[in-house]
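Engineer: Below, each chain spelled out in residue letters.
There are 2 protein chains.
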Amino acid sequence: MEELGKRAMAGDVRAASRLIRNMEDNMPGTEAAIKHIFPFTGKAHVIGITGSPGAGKSTLTDEMIASYRNKDKTVGVMAVDPTSPFTGGALLGDRIRMQRHAEDTGVFVRSMATRGAMGGLSKAVGDGIHVLDVMGKDVIIVETVGVGQQEVEIINHAHTIIVVLVPGMGDEVQALKAGLMEIADIFVINKADREGAARLHKETLSMLQMGKFENGWIPPIVSVESVSEPISFAQSVGVLTDKIDEHYQYLIKSNILATRSHRKATAEIYESLRAAILAPILDDLAANGELELMVQKIMKRELDPYSLAELVAEKYLISHDCLKV
Amino acid sequence: MEELGKRAMAGDVRAASRLIRNMEDNMPGTEAAIKHIFPFTGKAHVIGITGSPGAGKSTLTDEMIASYRNKDKTVGVMAVDPTSPFTGGALLGDRIRMQRHAEDTGVFVRSMATRGAMGGLSKAVGDGIHVLDVMGKDVIIVETVGVGQQEVEIINHAHTIIVVLVPGMGDEVQALKAGLMEIADIFVINKADREGAARLHKETLSMLQMGKFENGWIPPIVSVESVSEPISFAQSVGVLTDKIDEHYQYLIKSNILATRSHRKATAEIYESLRAAILAPILDDLAANGELELMVQKIMKRELDPYSLAELVAEKYLISHDCLKV
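Going down the list, the protein sequences come from chains C and G. For the first sequence, my numbering assigns the number 1 to the initial residue and increments by one for each residue that follows. For the second sequence, my numbering assigns the number 1001 to the initial residue and increments by one for each residue that follows.
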């Protein structure tokens, strides 16, 4: 696996693909690859794109790739697909995404979906970003549906966060928008040729006016549209990537980039601890049959989950004076 | 906190509300309440309702409450709102939900949102269900947006899972639907008076025909609509609650209820272990300043997250022969 890491770093696209697929599958040993490549990470500008289902994030990402290629920047994309924990597997898949960039060696697109009930998607995405980073991609776009808690965790791997809004969605979607409001560095009003776009722009603006932006960056609203003239989709997405670059320069100058890196590092520590501590305990309990006995006791109400967890902690944790378990 | 548990079990609505709010806030001590009430749980029929944003889940839940009240059943509702981890707090809120049932003591509605980056929403929802259960509610409805991984975990607390579909959503939403396909016990086509309802019904049916249903329950599709005649919204939701009751009887007869309880117990063990093992380690590391040092080392690339997690595991975990850490 470490070998895959080395080869990915040397630009081997197939090795990188396999490594990312292994991360998605939570295969043992991917940590060895990360250990190897980690010192060389942290060079790319990571852009997060989020928004409701149907907001047109994939189409936008596709056009952003083109825009960055026009600026001679290489691009990596990590598309996170919401999926069932029962089948696993990316629903939309790499194949149907961004076909037109398939021959371009400056572009590398991968999708990721979650498997199993134990979470870990955010960890896998974080690790995948490290792979794209050491492959030398200048810009890494992470695309995810911005609804659940875990999806927001994923987006926290990014330096610049784009929230995509679209006219004509229901009230509940507007509420979601409110939840995404505070994490946005840039708003995109997609499908801006649709009815209701002007109203959405106005609403977003008034929400922004109520917000506090202490550190000097007021999130701009960029409207993009795919059908009507006079501004083409490519042109309006060009305006967007300019704004994104502007935000990155702002992050560097204001030293907020360090704050974001701090947040990212904290998230990575939490995720690696979950993998290094909780997962082996669960594996151990499952292997010696104790987990099944515990499940039976819970089902029969002979023991509650918290008393049980305390017993497990007693068995596995070194008793520190300062650690109250 | 144990006192709150006792009072909630005695039917004290204010105590129950406070307890659930404390669970949502991840306040220390809520475990004591669960320990107290846990032996008395497991009586209610827990129904999960999920679907895309804008599918009309709240309106449907509201009408389901009315339908169950007509059948002389008491109802508890736990509405999970997607929200930002920065502000926390339910966006839609208890207040604007299901207003017409506010005076009915047989109905208890609470919403829950997630706070902080460490997850735990599914644990809080599971604990909240226990509270509603010992309050004596016959039916507990858990409503959540069915997009993210954590939301699917939440829905696993339910015995019967309803997936709400709605005509006229985009392709991406259809893909989401595919992800939700396997967890559904009953499909609801909401807003069935809208254009495209017949096509959606046909598509869902053909997806079902491709599926394998080994244990004898083929998920029915129930169409409900709020505007047109001859069947009123109340009547069509009545058909739905009949189907839900039928599913519950099926679960009991086929002994699948035991399988679902097994799944639920496993999820609860995982969540309580996370709370009892990982959280105190993180608190301990934060309290003595080590966490900040670790973050600095990660940011400077002096150490990678996985080597760091191994060091932490070495410090806190008892070295078991069978446990490879």
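I should point out that these hints are in silico values taken from the structure, not numbers from a laboratory. Don't take every hint at face value.
[To be verified] From the derived model, a few chain C residues whose C-beta atoms are all more than 10 Å from chain G:
#1 N22
#2 K35
#3 R69
#4 L205
#5 M207
#6 L208
#7 A234
#8 G238
#9 K253
#10 A258
#11 L282
[What the hints assert, rightly or not] Covered stretches of chain G, as calculated for chain C (at least 3 residues, CB under 8 Å):
#12 1235 to 1247
#13 1256 to 1268
#14 1271 to 1279
[What the hints assert, rightly or not] Example chain G residues on the side facing chain C (calculated, C-beta under 8 Å, incomplete):
#15 I1034
#16 F1038
#17 R1110
#18 L1293
#19 M1294
#20 V1295
Note that beta-carbon positions come from the ideal geometry of N, C-alpha and C, so glycine has one too.
Engineer: Against each hint, give a clear statement of whether it holds in the structure.
Structural biologist: Outcome of the hint check:
no.: 1; hint: N22; in the structure: 14 Å, holds
no.: 2; hint: K35; in the structure: 5 Å, violated
no.: 3; hint: R69; in the structure: 25 Å, holds
no.: 4; hint: L205; in the structure: 19 Å, holds
no.: 5; hint: M207; in the structure: 13 Å, holds
no.: 6; hint: L208; in the structure: 15 Å, holds
no.: 7; hint: A234; in the structure: 22 Å, holds
no.: 8; hint: G238; in the structure: 25 Å, holds
no.: 9; hint: K253; in the structure: 18 Å, holds
no.: 10; hint: A258; in the structure: 8 Å, violated
no.: 11; hint: L282; in the structure: 7 Å, violated
no.: 12; hint: 1235 to 1247; in the structure: violated (count 0)
no.: 13; hint: 1256 to 1268; in the structure: holds (count 7)
no.: 14; hint: 1271 to 1279; in the structure: holds (count 8)
no.: 15; hint: I1034; in the structure: 6 Å, holds
no.: 16; hint: F1038; in the structure: 4 Å, holds
no.: 17; hint: R1110; in the structure: 17 Å, violated
no.: 18; hint: L1293; in the structure: 11 Å, violated
no.: 19; hint: M1294; in the structure: 6 Å, holds
no.: 20; hint: V1295; in the structure: 5 Å, holds
Checked against the numbered hints above, the structure breaks hints 2, 10, 11, 12, 17, 18 and satisfies the rest.
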